[in-house]
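Working from the sequences, and respecting the hints, build out all of it.
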Amino acid sequence: MPDAEQAFHRPNPSDFGCIFRDRQCSLALALPFKTGQNRAGQSKEIFSKVSSAAAATISPDNENLTAPTTLPAVCLQAIARHNKPDTVSEKRGEEWVHISAKEFIRRVRHVALGLADLGIRSHERVALISENRPEWSIADLAILSLGAVVVPLYTTQSVDQIEFILRDSGARALMVSGGRILKHAREGYGGIEHLEHVIVFESDSAETTENSTSLESIEARGAEIDREQPGAFDRLIARGKADDLATIIYTSGTTGEPKGVMLTHDNFISDVRSITTGLPISSADVSLSVLPLSHIFERTVFYVFCYMGVAVRSITASSRKACRQAA
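Taking my numbering, the leading residue of the sequence shown gets 1, the next gets one more, and so forth.
Simulated from the structure, these hints should not be mistaken for lab results. Remember, it's a predicted structure, so these values are computed and weren't measured experimentally. Be aware that a few hints might be false.
What the hints assert, rightly or not - With a straight-line Cα cutoff of 30 Å, these simulated DSS-like cross-link-like pairs (lysine-lysine) come out: (1) Lys84 with Lys102; (2) Lys259 with Lys183; (3) Lys259 with Lys241.
Structure, rendered in structure tokens:
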């Protein structure tokens, strides 16, 4: 087995000029780009190192994730274990707004219970279109906790692509951030009969959108159910199985219409198992979430960071601007 430090070295802060206080910042999926060098070549080298490290450490004897067996259970148990004050964060103006482990788990529980009360059931599809923000991951794990299937969309996709994916996946609900993204998505989901619910992260946007519900109201209803039935969420998440469908990811850049790639909970968990043994990261590290969470690579690494206790900072700007913003 190759030495992990050789296979994937920890970059110096000077590699990309960005430090969080006294802790080194590792750019999620954009690490470690060096200024003045060809980024395409660096990307290939980084991907090669990660793949080699992961492949060398996969073993049937590796039992570190044998229980639990579903992705939300893996992530939520790990988040609770690390109990960080800044599990996920986003920058509002000049300030970082942190969400603690307890608050993150509570919000996942409440969103899941609120969705269940709305009528969303296991194996049903829920589409998700939003820029990177804590609500993306909260919604993602809440949907998965129900046993429902996440259908992520890019905020940059055309109206025609949004409509095709919503129709082809059979999505019963769409979760959308708000603002210009909601306005853009609305052109694609109008008239889709099986799309019964539109849930908007930003309450102000929800108030101006016909037949929509705010995420805040979903959480409020879920909180009521959690108080009245303390074991309701645990019963929901316990129904999940490793081979249940977790997500349908539609390919981009292919000939013709996008194709839906179906991945199970176990597909993700096996990735977490291999990657965590190959990367020299720990709960002392901080990451920047730069690539879209709708991309399978960024999303998988978010799950890895949950498992390893790495704090995640959500960034919507380019990686270079993000470094300047985070400094």
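Of the hints given before, which are not true for this structure? The structure breaks none of the hints.
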